[in-house]
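Participant: Going down the list, the protein sequences come from chains A and B.
The first sequence begins at 1 in full-length UniProt numbering and counts up one residue at a time.
The second sequence begins at 1 in full-length UniProt numbering and counts up one residue at a time.
Calculated directly from the structure, the hints in this document are not laboratory data.
Misleading hints may appear alongside valid ones.
For chains that are exact copies, the list does not tell them apart, and a pair is met inside one copy or across any two.
Here are the simulated DMTMM-like pairs of lysine to aspartate or glutamate, each with C-alpha atoms no more than 25 Å apart in a straight line [stated by the list, open to error]:
(1) 25 / 78
(2) 25 / 196
(3) 25 / 89
(4) 147 / 216
(5) 147 / 62
(6) 25 / 127
(7) 25 / 62
(8) 147 / 127
(9) 147 / 206
(10) 147 / 82
(11) 25 / 206
(12) 147 / 45
(13) 147 / 132
(14) 25 / 129
(15) 25 / 140
(16) 25 / 82
(17) 25 / 45
(18) 25 / 3
(19) 25 / 184
(20) 25 / 146
Listed below are the residues making up each chain.
There are 2 protein chains.
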Amino acid sequence: MSEIVLHNYFRSSTAYRVRIALNLKGVGYEYVAHHLRHGGNRAPDYLAINPQGLVPAMVWSDGTVIAQSLAIMEFLNETVPEPPLLPADAMGRARVRMLSQMIACDIHPVNNLRILNALRSRYGADDTEIADWFRHWVNETFQPLEKILSQSPETGSFCHGDTPGMADICIVAQVANNARFNVDMTPYPTICRIRDACMQLPAFADAAPARQPDAE
Amino acid sequence: MSEIVLHNYFRSSTAYRVRIALNLKGVGYEYVAHHLRHGGNRAPDYLAINPQGLVPAMVWSDGTVIAQSLAIMEFLNETVPEPPLLPADAMGRARVRMLSQMIACDIHPVNNLRILNALRSRYGADDTEIADWFRHWVNETFQPLEKILSQSPETGSFCHGDTPGMADICIVAQVANNARFNVDMTPYPTICRIRDACMQLPAFADAAPARQPDAE
């Protein structure tokens, strides 16, 4: 039995981020699935672990619970330094955190299941409108993200140089979500190139939703 | 003239966070205002600085641009270590980042001006519906945030011990936004206590929207 538990849902892109980070760090973990669409994350025993009732939440070896995927990745990076998920210099770290947060703050939260459900229940949004909403907010951020990545000398095989890190993790998880809503990726060749480079690595490929125990 | 420029809007709660952080660190800066409601952030000369067209963006003394408020605060904290915005231990840092991201990922983005405008234009949402949307997502996160803060032994005068940091900054900026939508704060005594403690400090008080040069 693993010491570390990751509360999970195969399709959650924020849980997907943490699965990749754990794989890159070579940290084994116990996978505990919560079915978000069936409200498994709102069960009292899970709320006792994570009062926010969202996945992912990581229970560290000392019993401490950490929620929020970026906070978990920063913690893993500080606790298990190799391989690093952030550059060695402060300005590089700022750039990678900025790229990560463009996705983690400006795309994912506004396209999350709870928001899409609210658009359905409050405004009667149908599948076509939901898909249009999703694609709109992806494009609003992927356009500047593509511009920054394609024009910046810091961009290499991955978002920052030639080793994968936090921003690459966020891209891979977001692109997986995009596919479910048929986002046209042709305007984003740099993002696609980086995503494809990541998927060649077992740490990324093994974390994919379809390979998880609760995949449907 | 200051070496550091902060692209700003008085009412932006993400810019507000960075203003507090700069004040706490004692770092002077030039304030450049962009009127979000008039689309000043979409002007070509600003998009050349920050392709995402959002505030805040900080131009550091070497000319490098950093966007995304949490990335800016992490950079400031690494570059100007005193006083620290994060605890000295990894688990403490994880906790403060988690608390910060609960607000920065799960409240602010879904209640941002661009989202509220989209609800109006796509679904004809009126002021009453907009306010209800805003309050709903605040309460969804403030309920677990209050629970964590009120029950955790790490909570002190501020979110983590007795010195203010990144999570306190996020709380103060969010509570200022809440007031514009009449969020009932009575269920959140711990959040209110921490917010009030922060507002006693000049670094927080001087960063308030009403005290900025572009305040209306």
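Participant: Determine which of the earlier numbered hints do not hold for this structure and return their numbers in increasing order.
Facilitator: 4, 6, 8, 9, 10, 14, 15, 17, 19, 20
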